[in-house]
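Chemist: So the chains spell out like this:
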Amino acid sequence: MELSIVLFLPAAAAVVALLLPQAQEHLARWVALAGAGASFVLSLVLFFRFDVNAEGYQFVERRTWVDIGEFNLQYFIGVDGLSMPLVVLTTFLTVASVLVSFNITFRPRLYFACLLVLATSVIGVFVALDFLLFFLMWELELFPMFLLIAIWGSGRKEYAATKFVLYTLFGSALLLVSILVLAFNAGTFDIEVLGQTDFQNTVIPLNLVFLLLMAGFAVKLPIVPFHTWLPDAHTNAPTAVSVMLAGVLLKMGGYGMIRMGVTMMPEQAANWDVWLAGLGVISVLYGAFVTLRQTDVKRLVAYSSVSHMGLVLLGIAALGDTGLTGATYQMVAHGLITGLLFVLIGLMYDRTHTREIANLGGLSRQMPLLATGLVFAGFGSLGLPAMAGFIAEVTVFLGAFDRFEWAVLLAIIGVVLSAGYVLWALQRVVFGPVKEEWNDLTDQRHWWEHSAVLGLAVLIVLLGVYPAILMDMINPAMEAVAARVVL
Amino acid sequence: MPLFLAEMLEVGVPTIDEWVVWAILAAPVVSWLLIIAYLRKLPAIAGYATILAVGVSTVLSFVVLFNVIDATGGPVVFSYEWFTAGSVVVNFGARVDGLTAVMLVVVSSVSFLVQIFSQGYMAGDKGYGRYYAHMSLFTASMLGLVLADNLLMLFVFWELVGLSSYLLIGFWFHKPSAAAAAKKAFIVTRIGDLGLLAALLLIWARGGTFQIDEIHQLAITGALSSTVITWFALGVFAGAAGKSAQFPLHVWLPDAMEGPTPVSALIHAATMVAAGVYLVGRFFPVFEASADAQTVVSWVGAITAVVAATIAIVQTDLKRVLAYSTISQLGYMMLALGLLGYVAAIFHLFTHAFFKALLFLGSGSVNHSTNTFDMRQMGGLYKLMPITFATFLIGSLSLAGIFPLAGFWSKDEILHDAWGHDRVLWAIALGVAFMTALYMFRAIFLTFFGEYKGGQPVDHHDEESHFHGDPAHPHESGWVMTIPLIILAVPAIGAGVFNMAGITDGLARLLTGALPVPDLHEVSFDWWVAGSSTVVAVSGIAIAWAIYYRRVVESSALRDAFYPLAVVFERKYFLDNLYEDFIARTVLQRWWNRLLELFDTYVVDGAVNGSATVTREVSARLRVVQNGQVQAYGLLLVAGVIIIVAAVFTANPL
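If you read the protein sequences in the order shown, they are chains A and B.
If you count by the numbering used here, then the first sequence holds residues 1 to 487, one letter each, in order.
If you count by the numbering used here, then the second sequence holds residues 488 to 1141, one letter each, in order.
Honestly, I wouldn't trust all of these hints.
Residues of chain B placed beyond 12 Å of chain A at every Cβ, according to the derived structure [what the hints assert, rightly or not]:
{"no.": "1", "residue": "Thr571"}
{"no.": "2", "residue": "Lys670"}
{"no.": "3", "residue": "Ile678"}
{"no.": "4", "residue": "Ala710"}
{"no.": "5", "residue": "Asp909"}
{"no.": "6", "residue": "Leu1124"}
{"no.": "7", "residue": "Val1125"}
Calculated cross-link-like contacts (lysine-lysine; reagent style BS3-like; alpha-carbon spacing at most 25 Å) [stated by the list, open to error]:
{"no.": "8", "chain 1": "B", "residue 1": "Lys613", "chain 2": "B", "residue 2": "Lys662"}
{"no.": "9", "chain 1": "B", "residue 1": "Lys662", "chain 2": "A", "residue 2": "Lys435"}
{"no.": "10", "chain 1": "A", "residue 1": "Lys435", "chain 2": "B", "residue 2": "Lys613"}
By construction, these hints were calculated from the structure, which means they are not laboratory data.
A virtual CB, placed ideally from N, CA and C, is assigned to each residue, including glycine.
Using the sequences plus the hints, can you model the full thing?
Modeler: Following this line, the structure appears as structure tokens:
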């Protein structure tokens, strides 16, 4: 029951927000904060009640939803060590997204409703244990995202929104084919059962099913060459959407690769592991090189995400407990760090109305807090120890080095490249001579901005100095996945 | 080996209270947190909090040192599990042995004096509170680095000292040169860190451990192939070369002088840049097991020492002379390590930390009254700043290796090791010793003798400047700055007593006690080695005196005589042009990254947009067919049926 509340509280709040009378539309943000906040608090309670020593899924709820004979559509949810951290990440980033949206005055009821429905759909992806429910939630996410980018975005917002939706639909089509092949072969949509099935004689060869599935998820992660929707979506999306997009939507891809790809088809994963590792490394390096050319701070962070998500794929490709744990940790770490970066860039854009690096500079004099935040998040992004990103990166490298020495030795070059683009951007945005035109700006404005930034920063450090709090939860789940793989 | 030394080598385990060890690390962490919490309300407490915290660390470091001395250096380890990731287990622990204890004392005591000096030097700066926050963070990270009992934890603190170095080099971030220097320092050292990271991954994959003592055992027992050991050693050395500014990664250190001068003294002379030497020393058994790695280390060290010394001779900026001198001396230490002169290298690290910190703080004192580091604007300061001059002279004599100062003993030990192992490297080291004396006394004659040239006039429009004095009338700095100079002069003179060849061997026993197989190298004295080094040092001083004091020849005439070579030195062997202009800007950014960006836009994204265009065009054509006229549909239907029937009958004739 608790997990259902976590899942549907945001959606319920969305309904309340939509039902607000026009005169009270400014209350929508408070409704949203209440819904998102309650969902976060409850998910945190579940996080601490989660038994890390128990096997299998916890907080399971199962009901027949639509009875269609052999293939019942079930409302079947639950969490394990892989999805529990991602659920908390989602509820937390939803709160942060609501907070940084407090200044939205254009059609706030619809805006916050979209944001909340988005949250429910992403949580739904992570907790669904029925393949069709999973797919339903996966598709549900498109609708609010399209509206959020197309209505509250900037620049080429319609183009970006359409590109995002079409690209994701393309991935979903591949996904649906593979879901159906697997489900009809096993005779069930139960993800738990599918994760223990050894498939035989599928309609389409399993190797191909695996590739289709991974391609569907690779679009979401995203992995080169399926990544070009991401910079466009980020650049034109409003701040909160960028936070959700980078923070949790990308993780749906990594989650799917582990939960469906590796767990359901371990043999095929082992067949293709070298290719996956290669693609991961290409994403890491290619993403980093292209990042170095970006002149718009949002595009810069978007391309750096491509690079960081390559590490997720590299960790998965290693198919061992350490690599998978590192990949999961990297998803959480990147969600927090990149989420913080987008929050800060949003705050900066609200004030300066530019994202062009060449137009910025010397901000640390007028806005020392913002500058401190950017330096902090920047170092988080380049993998500085004592922050979450370092633990994740080093775990991925340790997990993958055993199996793909060459790939890891190439991937660690990304460590230098990330230092390059982060510090180069900081030098030109935050440091340097004071620019008179920013003299009237201040970073001391609203409590909600400060609390969003502070909350993210605290978590980034917490996961950097006390990784066991998360590792102990992820480890057993990933050991179970790795045990399915025979190398 | 003298017998009495062998008898003293029974390794005992020091009895150290665990809280003492952790408190050394915790004290500056606490002051850092305090300063951050109260930065806005009470910036004034920042200085006192840092001084107090580092003072606590210093006292406790001495407690640890005396405990370790009693027990002849053997390691004691306090280790806890930090986290487990799959099959990887990572510890967080402290290892205390002779090497750790010596490093703890060097780091905390130099830091303590620098924090006091900064009270005067940084007074009135807008970023006073921020300065001490970074200094607390640095001291904590550096202490963590030397305490770490495993390679991963060492790497954590290794990167954190890099962060504080970045923040302090870029302390005056409104200056474009400072912001650029901070970035350069972090990136260049990170290139070296790639090696360290790779070594870390390699030793886990092949050896299954990060623990320092277990890695020592792997090297000693030969459990790993010599190839793995060599690659591991080279990776570690790459990290060390980045941090310790070894050729060809030395280019960041001179630029790092953009930071406040006490920062240069502490981080970029005495402690952090010596971390690379410490790192190689920490893994000395691994280097002992790889002859190839030894060759690389000693030759990189030798090249670094020569390159940096030649550049130091032509610098006009006092701080840059000291920066290149630091690089050169770090090369000296590496050279010694490569020749298995473990004790000699750490001994030189030890003495160098004191006299080089002294020299940097001295240059800071000079800057505090002249508003410049440009030696062409100085001169004659010995009368006006007698304490600064006297202590600077002591530091220079020690650095030049003049008997009986500290630098003489440690440098002599390195030369002695070189003489015994490799005469070519010995000759190079001797040449560097000559150049060292030459450039240091060139600096002394230009700065303190001759006519005073007026310093740098104060720019009253520069709001960022915190300069309060009158450059036209320089004066001695206040007590808060001169007392640290005087205190540092004591070890600059006398720190040799801990390891005087043939007389005392306390340091050697302490340091070798930290090794798993205490291989006590002979601490002996050779009149020929000591005599030759003294002769070159004195002649270096004499030549500097002749050129820059007596003006026997004009220095510009000398420059003309050595014309092409002088330009190479002045342009720093063109390495900055190669790295920044050619590799970073042109090859990487303008060619390679631009190529990928164009590929991304026109090929990858082009294919996406192209397929969208194709879909749209095709649908536009097909749309014509769906014109809603039932007659047309009927016509097409009939035509279709005819075609199908015809096709079927053609394929299957009746």
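Chemist: Against this structure, judge whether each hint is valid.
Modeler: Here is what the structure says about each hint:
no., hint, result
1, Thr571, "violated (6 Å)"
2, Lys670, "violated (4 Å)"
3, Ile678, "violated (6 Å)"
4, Ala710, "holds (17 Å)"
5, Asp909, "holds (32 Å)"
6, Leu1124, "holds (31 Å)"
7, Val1125, "holds (35 Å)"
8, B:Lys613 / B:Lys662, "holds (14 Å)"
9, B:Lys662 / A:Lys435, "holds (13 Å)"
10, A:Lys435 / B:Lys613, "holds (18 Å)"
When the structure is compared with the earlier hints, violations turn up for hints 1, 2 and 3 and for no others.
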